[in-house]
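Trainee: Okay, here's what each chain looks like letter by letter:
2 protein chains.
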Amino acid sequence: MNEIASSSAGQRGPADHDIRDQIVAAANKHFGHFGYAKTTVSDLAKAIGFSKAYIYKFFDSKQAIGEAICSQCLGTVLASVHTSVAEGKSATDKFRRLFQTLVARTSELFFNDRQLYEVAAYSSSEGWQSSRNYEEQIRGILLEILREGRESGEFERKTPLDETARAIFLVMQPFVKPLLLQHNLDLIDEAPKEIAGLVLRSLAP
Amino acid sequence: MNEIASSSAGQRGPADHDIRDQIVAAANKHFGHFGYAKTTVSDLAKAIGFSKAYIYKFFDSKQAIGEAICSQCLGTVLASVHTSVAEGKSATDKFRRLFQTLVARTSELFFNDRQLYEVAAYSSSEGWQSSRNYEEQIRGILLEILREGRESGEFERKTPLDETARAIFLVMQPFVKPLLLQHNLDLIDEAPKEIAGLVLRSLAP
Numbered sequence: 015m016n017e018i019a020s021s022s023a024g025q026r027g028p029a030d031h032d033i034r035d036q037i038v039a040a041a042n043k044h045f046g047h048f049g050y051a052k053t054t055v056s057d058l059a060k061a062i063g064f065s066k067a068y069i070y071k072f073f074d075s076k077q078a079i080g081e082a083i084c085s086q087c088l089g090t091v092l093a094s095v096h097t098s099v100a101e102g103k104s105a106t107d108k109f110r111r112l113f114q115t116l117v118a119r120t121s122e123l124f125f126n127d128r129q130l131y132e133v134a135a136y137s138s139s140e141g142w143q144s145s146r147n148y149e150e151q152i153r154g155i156l157l158e159i160l161r162e163g164r165e166s167g168e169f170e171r172k173t174p175l176d177e178t179a180r181a182i183f184l185v186m187q188p189f190v191k192p193l194l195l196q197h198n199l200d201l202i203d204e205a206p207k208e209i210a211g212l213v214l215r216s217l218a219p
Numbered sequence: 015m016n017e018i019a020s021s022s023a024g025q026r027g028p029a030d031h032d033i034r035d036q037i038v039a040a041a042n043k044h045f046g047h048f049g050y051a052k053t054t055v056s057d058l059a060k061a062i063g064f065s066k067a068y069i070y071k072f073f074d075s076k077q078a079i080g081e082a083i084c085s086q087c088l089g090t091v092l093a094s095v096h097t098s099v100a101e102g103k104s105a106t107d108k109f110r111r112l113f114q115t116l117v118a119r120t121s122e123l124f125f126n127d128r129q130l131y132e133v134a135a136y137s138s139s140e141g142w143q144s145s146r147n148y149e150e151q152i153r154g155i156l157l158e159i160l161r162e163g164r165e166s167g168e169f170e171r172k173t174p175l176d177e178t179a180r181a182i183f184l185v186m187q188p189f190v191k192p193l194l195l196q197h198n199l200d201l202i203d204e205a206p207k208e209i210a211g212l213v214l215r216s217l218a219p
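Which chain is which? The protein sequence lines are A and B, in order.
Note that the working numbering has the first sequence beginning at 15, numbered continuously upward.
Note that the working numbering has the second sequence beginning at 15, numbered continuously upward.
One or more of the hints may lead you astray.
One copy or any two copies: either way a pair holds, since identical chains are not told apart in the list.
To be verified - With a straight-line Cα cutoff of 30 Å, these simulated DSSO-like cross-link-like pairs (lysine-lysine) come out: (1) K172 to K103; (2) K76 to K43; (3) K71 to K43; (4) K207 to K71; (5) K52 to K103; (6) K207 to K172; (7) K66 to K207; (8) K43 to K207; (9) K207 to K103; (10) K207 to K52; (11) K207 to K60; (12) K207 to K76; (13) K103 to K60; (14) K60 to K76; (15) K71 to K52; (16) K60 to K71; (17) K66 to K43; (18) K66 to K52.
FYI, nobody ran anything at the bench for these hints, they're computed from the structure.
From just these sequences and the hints, can you work out the full model?
Mentor: What follows is the structure in structure tokens.
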């Protein structure tokens, strides 16, 4: 968790400081009640019982706190993805697991923790570092699956690997990006399966 | 144009009435200046110089006027699509034209007529009849291209036709639906080509 947190932008001081975790936990709760947009650093300071200056010793802005929350939350999604993909029996199976787990975890976030979801969607629309890291990691997992499938002969090798990876990432987006998923919630049962089917047909050798 | 207008929801009286066209034209201009959400039927009535009651003789709500504008605007996009697809030399070529024209026309709308674009995006997010008709027509064109490609042997026939059509429509969405396109504007040069490539690989026999 500390590794993820320390990679976030706008943080100050030692990464594993207890106070940092306290601020993030309190902010998480506060954003959960009042929303990210409506909360100021002053509100947070009052709620936690710290001075604003003290909070600024650890984070250089509200966004930096938002990024830390986002990284934690997206880190949890990624951990599920890693576990599920690792259990895949083939590149094909791994791809299905990647997509399925991403959709399941992201929609769970939407239904069970709406305010946190909104921080994630905001982060994505503003191109925060936490969101970019997240997407970079998903791209990395996808690329690894594609390489494995090309080596094992499951997937075609004619199309340049980076083009294949980019196009697949794009077609997954509407169900993976928090900002877009909310427009597709009535489709999450069937659509990801059918899109995965289309992608796998496109990968046939 | 009248056929399109008369198929819209919430309209009253004869479809080809001049007054109806006048109201739509004036509303279009008014929404263009002040936005759809901020304009009331009273504002429109004042601006046009008609009584509110007179406007209600032709449209049963502001939404009905919005739908008429939307149908006109989306009808123009569809007309371009039909022309371009008709010039396609094969099902493959037709599919590329369908996608390319949709992206080009929809993004033009965004850049050249933002307020109109916003009525279209609103319509799409609210599931208005005008938007549903539009999507239905795109689905219809897609289905026809798929049938042609299956008959000519360009496309595979193993996957059920309706599943293929649904999945392709889904992957086109982020660049075709006004509501989603605005999140992808920095990708409109390359991404639609690469997605079309992926779709066509998935269709290979």
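Trainee: Could you check the structure against the hints above and give me the numbers of any it violates, in ascending order?
Mentor: Hints 4, 5, 7, 8, 10, 11, 12 and 13 not satisfied by this model.
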